[in-house]
Structures are given as structure tokens and as C-alpha cells.
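Line order of the protein sequences matches chains X and Y.
The first sequence begins at 1 in my numbering and counts up one residue at a time.
The second sequence begins at 1001 in my numbering and counts up one residue at a time.
Covered by chain X, according to a simulated footprint, are these stretches of chain Y (three or more residues, beta-carbon under 8 Å):
#1 1006-1013
#2 1016-1027
#3 1030-1040
#4 1043-1053
Please keep in mind that the hints were generated in silico from the structure rather than gathered at the bench.
We put the CB at the ideal spot given by N, CA and C, even for glycine.
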Amino acid sequence: MTHVPEGPAESRLEQISRIVIDDSSRVPVLLWFTSSVIWLLFGSLAAMISSLKLHHPDFLGGIEWLTFGRIRPVHLDIVFFGWSCMAAIGTLLWLQARLCHVRLPWPVLLSGLAMVWNIGVVVGSVAVLAGHGSSIEYLEFPAYCAPFFAIPALGVLAANVKMYLTKRSEHTYVSQWYLLAATVWLPILYVTAMFCTYFGLVQGVSQAITNWWFGHNALGLWVTPIAVATAYYLIPKVTGRPVHSYHLSLLGFWTLAIFYNWAGTHHLTGGPLPAWTITVGVVGSMMMFIPVITVAINHHMTMRGVFSMLKTSPTLRFTVFGSFLYTVASFQGSLEALRSHQEITHFTQYTIGHAHLGLYGFFSMIMFGAMYYIFPRVTNNEWSSARLIKVHFWGSALGILSYGVGLCWAGWWQGTMMNNPSIPFLQIVEYIKPYLILRSISGAGMTIAHLAFALSVWRILSRHHFVMSGPTLFTTQRPPWREFVNEQNQREEIAQ
Amino acid sequence: MFLISMIIWATALLGAVMTVWALSWAVKRGEFRNPRQGAASIFDDEEPIGRQTDFFPAIRQGVRS
Chain X
1 MTHVPEGPAE SRLEQISRIV IDDSSRVPVL LWFTSSVIWL LFGSLAAMIS
51 SLKLHHPDFL GGIEWLTFGR IRPVHLDIVF FGWSCMAAIG TLLWLQARLC
101 HVRLPWPVLL SGLAMVWNIG VVVGSVAVLA GHGSSIEYLE FPAYCAPFFA
151 IPALGVLAAN VKMYLTKRSE HTYVSQWYLL AATVWLPILY VTAMFCTYFG
201 LVQGVSQAIT NWWFGHNALG LWVTPIAVAT AYYLIPKVTG RPVHSYHLSL
251 LGFWTLAIFY NWAGTHHLTG GPLPAWTITV GVVGSMMMFI PVITVAINHH
301 MTMRGVFSML KTSPTLRFTV FGSFLYTVAS FQGSLEALRS HQEITHFTQY
351 TIGHAHLGLY GFFSMIMFGA MYYIFPRVTN NEWSSARLIK VHFWGSALGI
401 LSYGVGLCWA GWWQGTMMNN PSIPFLQIVE YIKPYLILRS ISGAGMTIAH
451 LAFALSVWRI LSRHHFVMSG PTLFTTQRPP WREFVNEQNQ REEIAQ
Chain Y
1001 MFLISMIIWA TALLGAVMTV WALSWAVKRG EFRNPRQGAA SIFDDEEPIG
1051 RQTDFFPAIR QGVRS
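Construct all of the structure, not just a fragment, from the sequences and the given hints.
Written as C-alpha cells, this is what we have:
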């Protein structure tokens, strides 16, 4: 028997459409997501080993594969390519299909590309652990790993463009601009940077510029747009309130698109570069205040009066926390570009604190929020435990706040002391040590949170606690999934 | 060598030109004519404006079960 949801005919069709779209994206989205969660655990393990080595240098000191110079880049690359990119791609595929009101195209191909990407992360990580990595941050994986990422990136771009060109919705929602732009930027950034770096086209100072053009833009023009797009969808959708100012949201996107590209060279302030290249980076970073302020106003004002919903929605709790940290980390990042600021913070723990506030506090928290929304809808199952979700949230939130605040505070004073030649270097090292221990404790909190999250994901996938309708899942009870999809397929066949 | 070292700046410029082109294309296409409708485009009769669509397990519409 086919169950049809109650309500007007148009509503039924909208619901059917959402169910069919979610069904079409199930396998590829789950593959990208579950892979990302597994990499998150490996990334956390590498992070803990790296962090412990900073205050206990002899820890695992006899194993050359786990020396700091190898395990730290592996942590960064696993977290970026394994966790961040795979979570971002899973989210963008689901979100773009939803916003375009079309089925996800080429599910088999996109699933295969997820496996190719996974192979790339495995091969690259083993290569770096074996001592074959480069010393170029974010591009440590050897050149032969490039096809494992470039080809899937082009495949995701093709799927994204196809969805947009065949969309049934009249309007291009602000999130769609961000998603389209991100998928165009990634292949350009990655292929250009790898080509220039590994074919010897750029060396010395030019190589450093290439490195930070890629490194900064990989964060700002790839993962940031996807997280902002997700927040622009989830905050209004979960609260039931349209974006406060749609004008501002569009202004934010187009100014980010124009200005962010130029900010990367601020990482090289004080280096042997022509002064104008640094100035370009500083100006680009200052202009970034415009998109950041638009996003901050919009997300805050959309939430105004309904902050109590943070108590009842896991998606909203993570997403709003991430949006708040976007404002904080972006303001901090723009100020860091200033030469006077860099004089103190460059080569200190401050930079590490800032990087984690951005990639974890902002990006990862929004990805967690997205997964809490998307997993039930593509698995047609309910989350098993509110307690596990709360352990995840508080472990992550308290962990990143203590990590970010602790390292930024320590880094500032570390830089101030390093600028004073009368202070012995070892005294500065002793000053930093308690904060490095705090870093490990904070990291342990985040790792516990990730384990709780992984357990929740395992339970929802294994149908440990199978509930087809429930409060996290849907506001209205949904009918049997497969019957609905079959019914919709039959209708479309008849219509053709 | 100087020209090769300018590859990154040329790529950055290309990105900016592409962005300006995309913006002018979007304006001509009328994407910015009705922002109010745009903001409401993610809602429908089943998930309308004013309805919360995500809750913790065991909490529904603010009531613990």
C-alpha cells in the first residue's frame, strides 16, 4: 500500500520531491560523509601525538615515522583533505540538489570519486609518514597524489554545474552562489599550485607566494564558501525565518569573491618579498571586513529573538556556534595581516590558535551542524541519543575555545618576549609550556567529542536505533521511503 | 623567469575577471530583482516560514516526550 502524506496536493508534491532528492543523494553523500568522519578520527589521533610531543619531546621519539616533522603535516593533510574537503563535498552535493530541486546526477560516479579521493588521502599520508612529503604547507602530499584530488574535484564541479543548469527553481538562492563558486575555485587553485610547485616553474620567493596563494585560498575560497552557504541555508531553514537581509547576503558573497583571492601574501609579511606583494595581501585582508560584517549581521539578526531554539536543535547549536566563530576568526585574521600585528604574532602559537578557530571553530562546527541535519534525511532514520550529541557539542565547543583563547594569549606574549633581546629564549620556552599542555587537554576534549560523534554516526548507519519518524528527523511524519520514491518515479515515467 | 613568477598573479587576476563577469551575467539575468522572494525561496507549504525543522531526539516542538 502506498502512503501519501496528508495536506494539499501541492504540499504532497513538494514533500515527495524532497524525499526523491534525498534518496538520489543517499549513497554518494553517505560515502563522502562517513569517509570524512573516519578521517576526522585519524586526524585527531595525529593531532594528539603531535601535541603531546610539544611538551614531551621523547614521546614516541624512537619511531621515525612518528617524528614531529612527519606526524604534524599528516595531521594537517588528513584534517584538510580527509575531513574538511570530504565533509564539504558531501554537504554541497546534498544542498545543491535540494536548492535546485533536482535529483543528484551521476550517483555512481560521485561515489566512485569519493573512493578515489580516499585513496589519495591514504597514499599521501603514508608517503608523508615515510618521509616523502614536501615541506610546503597544505601541499605536502607528493605530486603523484594530485590526480586523486584533481579528478574528483572536476567531477564534483561537473555535477554541480549540471544541477544548476537543470534546476527547477526559478531563483538562485545565495547559498547556490557560494557553492558554485567554491567548486569552480578548487580545481583552479589546486591544479595551478601543484603544477607550478612540482614542475619547478616557481622556486624560492615565487614558490612561497604560490604556497600561500593556495593555502590561504584553499581555506577562504573553498571550505569557507561551503560553510557560509550551509549556514545561510540551515539557520533560516531550522528557525523558520528568512534571512534578515537578502541584499546584504548577496553583497557578502560578491565582495568575498572579489577580495579574498588577494589576501594570501599576508602570510609572508616580513619575508624577502617585494613590498607591493605584501601590501596587496594586507589590502585584500582589510577589504574582507565587508563580507564578514554582512554575514555577521545577517546570521545574528536572523537568530534575534529565537536564540532559545539553540536548546532544542542540534543543527542550530553547532551552526550558530560556527557562524559566531566565523566572525571572530575572520576579524582576527584581517587584523593579523597588518604589519604592526605581524611583528608580534608571526612565528608564534598565536597563528596556530587562529588557524584552529577558523578551520575547527567555524568550518568544522558548521559541518557537524549540517551532518546532524542531513544524516537523518538521507538515511531515513533518527539520531539515537541526545546525550551523545550534547557530549559532542560541549567537547568540541569547550575544547576549541580553550585551545584558541589559550594559544592566542600565549602566542601574543611569546611574540612580545621574542621581540625583547634581553629575555633568554629558554625562558620563553618555559613560559609557553603550560599552554602547550592546555593545548593537549583541549585536543583531548575535542577527540572525545569526535568519538561520541562517530558513535552516533555508526548507530544511525547501522540502524541500531531505528526510528523512521521523530523530532530530529522531520516536523511531520514521513511515509515509507521506498514506496514514495517508486511512486514518484512511476509518475515521472507516465508524464514522459 | 619574471613572466613565470607572475603565473599566480595572472591566475588571481583571472579569478577576479571571472567574478566580475559572473556578477554582470547575474544582473542581466535578473537574479537580484526580487530579494524578498529570494529569501523565502527555501520555504514551502510543508516546511513553511515560522516552523522549526530540527530538534534533539526526544524533544518535539519544545515538548519532551
